[in-house]
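Sequences are here, hints too, so could you generate the full structure?
The chain contents come next:
Protein chains: 2
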Amino acid sequence: MVRWEPDSRGRLAQAAMALYGEQGFDRTTVAEIAERAGLTERTFFRHFTDKREVLFWGAQALQELLVKTVIGAPASATPLEAATLALEAAGDLFGQRREFSIQRQHIIDASTELQERELIKLASLAEALASALRERGVKDPTAGLTGEVAIAIFKISFDRWVSEPDPGEMNTFVRESLEQLRGITAAQ
Amino acid sequence: MVRWEPDSRGRLAQAAMALYGEQGFDRTTVAEIAERAGLTERTFFRHFTDKREVLFWGAQALQELLVKTVIGAPASATPLEAATLALEAAGDLFGQRREFSIQRQHIIDASTELQERELIKLASLAEALASALRERGVKDPTAGLTGEVAIAIFKISFDRWVSEPDPGEMNTFVRESLEQLRGITAAQ
Chain A
2 MVRWEPDSRG RLAQAAMALY GEQGFDRTTV AEIAERAGLT ERTFFRHFTD
52 KREVLFWGAQ ALQELLVKTV IGAPASATPL EAATLALEAA GDLFGQRREF
102 SIQRQHIIDA STELQERELI KLASLAEALA SALRERGVKD PTAGLTGEVA
152 IAIFKISFDR WVSEPDPGEM NTFVRESLEQ LRGITAAQ
Chain B
2 MVRWEPDSRG RLAQAAMALY GEQGFDRTTV AEIAERAGLT ERTFFRHFTD
52 KREVLFWGAQ ALQELLVKTV IGAPASATPL EAATLALEAA GDLFGQRREF
102 SIQRQHIIDA STELQERELI KLASLAEALA SALRERGVKD PTAGLTGEVA
152 IAIFKISFDR WVSEPDPGEM NTFVRESLEQ LRGITAAQ
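Chains as they are written, first to last, in the working numbering: chain A, 2 to 189; chain B, 2 to 189.
Any given hint might turn out to be false.
Intra- or inter-copy, both count: the list cannot distinguish identical chains.
[Stated by the list, open to error] Keeping only pairs whose Cα atoms sit at most 20 Å apart, straight-line, the calculated SDA-like set for lysine to any residue is:
{"hint": "1", "residue 1": "Lys52", "residue 2": "Glu114"}
{"hint": "2", "residue 1": "Lys140", "residue 2": "Glu177"}
{"hint": "3", "residue 1": "Lys122", "residue 2": "Glu89"}
{"hint": "4", "residue 1": "Lys122", "residue 2": "Ile109"}
{"hint": "5", "residue 1": "Lys140", "residue 2": "Gln181"}
{"hint": "6", "residue 1": "Lys69", "residue 2": "Asp110"}
{"hint": "7", "residue 1": "Lys122", "residue 2": "Gly92"}
{"hint": "8", "residue 1": "Lys140", "residue 2": "Ser77"}
{"hint": "9", "residue 1": "Lys52", "residue 2": "Ala32"}
These are calculated hints, taken from the structure and not from any lab test.
Rendered as structure tokens:
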């Protein structure tokens, strides 16, 4: 009988995250990741382009989810309502892996290179949201501004969700941040 | 009589900007910049840490201006009003050098490394605004959210101001974007 083992990709990702956490991203080599996973470097490179991709491979799927949700939002939804539905879909996706998200955030916070990469990713998400809104007929600068503001809400909500003990669902923070945004803009 | 010449720093900056525009940031060396300016590499390094700093040396002054303006805003100002005063102070500062801003933006748009650096800078500005708001007694998450949203407005306004022909003052776009933000959040 063959002993069950997680797939190679999953084992490599687990080994990488453990090593990044223990000794830092910069000081971890692909050779060490492969060794920890009991696999070869060659197998690593069949699954990931480089050691950074272990942390960012989900970005494409996240972007597609945001775009699909904005485009599929009810015709009656305002730009911010459509963007909010997208953030909530992302919140549901993240909700399934809070432990991974926390671990990932600590690794990223410890490396300037990774922080830069993360900011680039967030900027692409803002732009993807704006493009999806334009497909719905939303004009600029409203489309661009809504994309940026939605990502600001996402960032704040995500930070709170990974920082607070026992935070419940990420979407609670998304909805709270939206309420706060209304408060901030209405107060003037 | 001594012929008037701009200071070494100004000459180096002009030479660098010209070369970045002509042949790209990546392909320009400090040796070329110094040669174009009629100065030595040693003089370059007395004024700038590296060739990237020519494009980013104003960031510190900008950050100080934003922080000072938020802290000095009238006690009655809401968080967003205080942040808006800061953006308008920045708009006045930029207004004096639109040509430089346009040239700089083209150079940055052409280089991934510089785009990453620019995003890091914007993230620091958002955090600096949030800290200044906290000094005024604004609590989180309002402080963090206002910082992020203000920088989103700044980004959109700046992009429009450098892209549109004959745009007038940058602060017109700042005020317009604020109005749009109110429209976006109120529409729900």
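Each hint, compared with the structure:
1. Taking CA atoms no more than 20 Å apart as the test, Lys52 paired with Glu114 passes in both settings, with 12 Å inside one copy and 19 Å between copies.
2. Taking CA atoms no more than 20 Å apart as the test, Lys140 paired with Glu177 passes between copies only; the shortest distance there is 14 Å, against 27 Å inside one copy.
3. Taking identical chains as interchangeable, the C-alpha atoms of Lys122 and Glu89 lie at most 20 Å apart only when both belong to the same chain, with a minimum of 18 Å there against 28 Å between chains.
4. In this assembly of identical chains, Lys122 and Ile109 lie within 20 Å of each other by CA distance both inside one copy and across copies; the values are 13 Å within and 17 Å between.
5. For a Cα distance limit of 20 Å, the shortest separation of Lys140 from Gln181 across copies, 12 Å, qualifies, whereas the shortest one inside one copy, 25 Å, does not.
6. With identical chains, the CA atoms of Lys69 and Asp110 are never at most 20 Å apart, being 30 Å at best within one copy and 27 Å at best between copies.
7. In the homo-oligomer, the alpha carbons of Lys122 and Gly92 lie at most 20 Å apart inside one protomer (17 Å), although the nearest pairing across protomers, at 27 Å, exceeds that limit.
8. When the C-alpha separation of Lys140 and Ser77 is checked against a cutoff of 20 Å, the pair qualifies only within one copy, where the shortest distance is 16 Å, while the shortest distance between copies is 35 Å.
9. With identical chains, the CA atoms of Lys52 and Ala32 are at most 20 Å apart within one copy only, with a shortest distance of 10 Å there and 35 Å across copies.
In the structure shown, a violation is registered for the earlier hint numbered 6 alone.
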